[in-house]
Every structure is written in C-alpha cells, then in structure tokens.
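K.L.:
My request is simple: use the sequences and hints to build the entire structure.
Taken in order, these protein sequences are the chains called A and B.
Counting from 1, one number per residue, gives the positions in the first sequence under our numbering.
Counting from 1, one number per residue, gives the positions in the second sequence under our numbering.
One or more hints might be untrue.
Claimed, not checked - Calculated cross-link-like contacts (lysine to any residue; reagent style SDA-like; alpha-carbon spacing at most 20 Å):
#1 A:Lys-102 <-> A:Thr-68
#2 A:Lys-102 <-> A:Arg-169
#3 A:Lys-133 <-> B:Asn-229
#4 A:Lys-102 <-> B:Leu-247
#5 B:Lys-215 <-> A:Asp-204
#6 B:Lys-62 <-> B:Ser-186
#7 A:Lys-163 <-> B:Ala-51
#8 B:Lys-62 <-> A:Thr-148
#9 A:Lys-98 <-> A:Asn-195
#10 B:Lys-206 <-> B:Ala-60
#11 A:Lys-133 <-> B:Lys-215
#12 B:Lys-206 <-> B:Ala-51
#13 B:Lys-62 <-> A:Asp-204
What the hints assert, rightly or not - To give an idea of the interface, some chain A residues facing chain B are shown, with a C-beta separation under 7 Å as derived from the structure:
#14 Leu-43
#15 Val-50
#16 Phe-84
#17 Arg-122
#18 Leu-173
#19 Asn-177
#20 Ser-179
#21 Thr-183
#22 Glu-187
#23 Thr-189
#24 Arg-193
#25 Ala-205
If you're looking for bench data, these hints aren't it; they were derived computationally from the structure.
For every residue, glycine included, the Cβ atom is placed at its ideal position computed from N, Cα and C.
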Amino acid sequence: MIRRIKHSVFIFAVMTLALVSIGPRHALANDRIDEGVTLVNNLVDRIQTVIGDSPDQAPDQDQVRAETNAIIDEFFDFDLVARFAAGQAWRSASPSEKSDYKTAFRRVLLALAETQFEYFRRIEYTHQDAISKGPKLMIVSGMVQDKTGEFPDAVISWRISTKAGKPVRIIDLEVENISMLITQQQENTAIIRQNGGSFQALIDALNQQADDIAAGKTPANG
Amino acid sequence: MRFFINLPKGLLIGPLIGLLAACSSMPADQISDARDPYENTNRSVFEFNMAVDTAVVEPAAKGYRALPQFMQDGLSNHAEWTSYPSTAVNSVLQGKFENAALATVNFLVNGLTLGFVDLTEDEDDPIREDFGQTLAAWSVPEGSYIMMPLLGPGTTRSHTGFLLDAITNPLGYSGQSGAETIQYTSTPVGVVTFRGNNFDQVNDVKYNAADPYAKTRSFYFQYREGQLNDGDRTASTDSDDAFDSFLSDEN
Chain A
1 MIRRIKHSVF IFAVMTLALV SIGPRHALAN DRIDEGVTLV NNLVDRIQTV
51 IGDSPDQAPD QDQVRAETNA IIDEFFDFDL VARFAAGQAW RSASPSEKSD
101 YKTAFRRVLL ALAETQFEYF RRIEYTHQDA ISKGPKLMIV SGMVQDKTGE
151 FPDAVISWRI STKAGKPVRI IDLEVENISM LITQQQENTA IIRQNGGSFQ
201 ALIDALNQQA DDIAAGKTPA NG
Chain B
1 MRFFINLPKG LLIGPLIGLL AACSSMPADQ ISDARDPYEN TNRSVFEFNM
51 AVDTAVVEPA AKGYRALPQF MQDGLSNHAE WTSYPSTAVN SVLQGKFENA
101 ALATVNFLVN GLTLGFVDLT EDEDDPIRED FGQTLAAWSV PEGSYIMMPL
151 LGPGTTRSHT GFLLDAITNP LGYSGQSGAE TIQYTSTPVG VVTFRGNNFD
201 QVNDVKYNAA DPYAKTRSFY FQYREGQLND GDRTASTDSD DAFDSFLSDE
251 N
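P.N.:
In structure tokens:
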C-alpha cells in the first residue's frame, strides 16, 4: 500500500515538473506565433502602400527599388536567406566571394521584385493559419486571390525564423508547397557543381540573371 | 482487346524508361542532386523538351490564352474531368474511399457535358490521385529522376505509374470509340491547358532562371511531395527538414 502511494506521489511529482517546464515554453511559442502573424500582415500592408491601388499610378522605379531594399532588411533575415541559398559551398567560399555573392543575390531579388510589381497590385492576401514547426521555425499561411479573376486562388506560406533571443524574420515563401528558397538553393548548387565547384561561377550566373531580368529577357506574354 | 488498345502509349514509354535508366550515370562529385544520377542525359532531354515547348506547346498555350475565358474554363474542366477515372481507381487502391466516391460522382455528373461544364462547382473537388502516388503509398521506392522526352520530369516510380494509369484507365475499357478518343486526346489537352494556366510561371523558369533544368527538377520534387502529402501543411516535409538542419548547424 505504502509502495503504491509512493509510486503515485512520484508520478504526480514528475507530471507536475513536466507541466511546469512545458507551460512557459508553450506561452513563449504562442507569443512568437503572434509576432510572426503580425510580421506578415505588416509586410503585406507595407507592400500595398508601396505599390498603391491605382493601376494608372506609374511607379517610380528608383523609389520602388529603395523601398524593396528596405523591406528586405526589415522583414526578412537576408543574411540567413543568402547563406541558405548558397548551400554547402558557402563554407568554403572566401570572404570576398561571400560578399560578392550577397550583392549579386540581392540584385536578383530586386530585379525579380520589379517584374512582379504588376502582379502584386492585382492580388489580395487573406491570412488563414499559423503553425509552429518546432522551436526555431513557424509557418504563416494565407490565401492569395487575383482580383481580376484570371488566376485561380493560391495558398502561400511564409516560413519564419523564431530563434530564441532574435526577432522573428521571414526566411522563405512557399507557393502551393513549393519553397522559393529550397528551389534557389538547389539551382545554385547545380550551377556550382556544373562548373567544377566554382563559387565564382555562381556569382557570375546570378549577376547575369539579374541583368537578363532587368533587360526584360522574358518574351512578351501571350 | 482493350488492354492492347491502351498499349501503344505503354509501348512508347516502357522502353524509354529502360533506355534512359540504362544510360551511364555520372561520377558522384559531378552530380548536383543525389536523386538525379543521369543528369547529363536528362539535361539533353530537357533541352529537347524546351525546343518542343518553344516550337509547339508555348504557341499552343498562347492560343489557349487568347480564347474567351469560358472556353479556357471549359478546356481546363475537361482536362480535369478526364483524370477522374484514374483518381477513382487509385483512391480505392490507397484506401481513400471518400475521394474515390467524390471522383466517381464528379465524373458521372460532369460527364453529361463531357466535363466541359463543371456542374458540381460548389462541391468539394476530389484530390487528384495517380498510380505513381499509389505506388508511393505502397512504399515502392521513388527511384531515379528521369526527364522523359515530351512527357517531362518524373521519377522511375512516377513514370511507371503513368504507364499503369494508361493501361488501367477505365475510359479504355468502356467499349466506346468516343471514350478512347477522349483518352488519347486527354494528354495533349492537359499539357496545353496546364501550360496556358501556368504561362507566366513556366516562362519565368524557362527564360529567367540561371539554371532552368535545376529549377524544374526542384519544382518537380517539391510539387510531387505536396501531392503525396495531399497538400497537408502540418506534415513534415523535406523542406522543413532542410531548414531545421540548417538552423541547428548554425548553433
């Protein structure tokens, strides 16, 4: 009988300890989730402000570029994104290569953002869900609707870094389960491997890509 | 008899899978993705497919996009409708009976218009299931990445699934010549409607990517993983693992 009571007390003590240790973590995780949702909503508002509502409103390219640069620094963990996109080759790259690569990578992002300007104007984002993916990551999901009705609705997910002691920052965007950053990393890895492991080849390819996008290499849409 | 009517597509695909799989694989240090041991051969096939896209598919997709919206919707609906028999069969094989019933009902109801009009618009759409997904559900290994001429990206498993879908498609066993015509035209119609509905996205990869082949391969694997998870975002994905591993290495 005494052994059974001792056993029950022991189990109760263990469960209490477990609840005490789990409780604050959950509270922290919920705070971080709220921060992540707010970050995405603020980003969407900011983009809407930059692009404006009027289709006749001609965007000032210099202003858009400056705003996009500011948005990247304010809402995204650009340093982490750039390192992740470089893949394994990042570790063996020289400091000057790393710096040149980050510059080229940012050029590509800015060029791509400019080509998507008209698309951003015609879409509407609605928040749907937020889930934790462990202590360092969370995903905020929403629905993108094309106001013109030309394109079907699409689910997009923002992958957000929630590392302890650091501000929440967006590190990836998934469209219909396709991660933009994973795609970029695999493309970058292929370029390096196809060029005998040369990191400089990646930098050259990214600069070329930024030039091509800026020059409007894509043929006119049908 | 119906089995043999379905065979030409299979006769074309089967040897191609074997031929490509027999191509010499690359040294490990030159492979940019472990799932793609035949990368050099695949890149050559990809170039061929892009040439076909430029010459045939992209102009056809432009023509599709020039059609009035109701005609585009009709063709898209028809392409989706032709996939329902395969979805019904494979849903049963995977134990997804509700999805099988949904696909069957959608196929029968929309069959009144040959699928051109979505009469079940307000209902839940069935989740598309193919034989490649069935093989995955049966734990058949994915195999190697293979870029097929004209058919595009896939793995040994998914291409085998495509072959089995062609053989087992109930449309081929209906005994109606019209049904056979629908089956034979479903692939080209599906290709053109897909290309037209994703025109800018495909062109972005084709013309703007630094390495369109690698980007297509990455898209394929992620898209396929989403299909295998039935789009469930709570499921752990390879992407989640990659980010988790990266953030852990940072500490």
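K.L.:
For each hint, tell me whether it holds in the structure or not.
P.N.:
To see whether the hints hold, each was checked on the structure:
no.	hint	result
1	A:Lys-102 <-> A:Thr-68	holds, 16 Å
2	A:Lys-102 <-> A:Arg-169	holds, 18 Å
3	A:Lys-133 <-> B:Asn-229	holds, 16 Å
4	A:Lys-102 <-> B:Leu-247	holds, 19 Å
5	B:Lys-215 <-> A:Asp-204	holds, 17 Å
6	B:Lys-62 <-> B:Ser-186	holds, 19 Å
7	A:Lys-163 <-> B:Ala-51	violated, 46 Å
8	B:Lys-62 <-> A:Thr-148	holds, 19 Å
9	A:Lys-98 <-> A:Asn-195	holds, 17 Å
10	B:Lys-206 <-> B:Ala-60	holds, 16 Å
11	A:Lys-133 <-> B:Lys-215	violated, 26 Å
12	B:Lys-206 <-> B:Ala-51	holds, 11 Å
13	B:Lys-62 <-> A:Asp-204	violated, 33 Å
14	Leu-43	violated, 19 Å
15	Val-50	violated, 21 Å
16	Phe-84	holds, 6 Å
17	Arg-122	violated, 12 Å
18	Leu-173	violated, 11 Å
19	Asn-177	holds, 3 Å
20	Ser-179	holds, 4 Å
21	Thr-183	holds, 4 Å
22	Glu-187	holds, 4 Å
23	Thr-189	holds, 6 Å
24	Arg-193	holds, 4 Å
25	Ala-205	holds, 4 Å
Of the hints listed earlier, those the structure fails to meet are numbers 7, 11, 13, 14, 15, 17, 18, in rising order.
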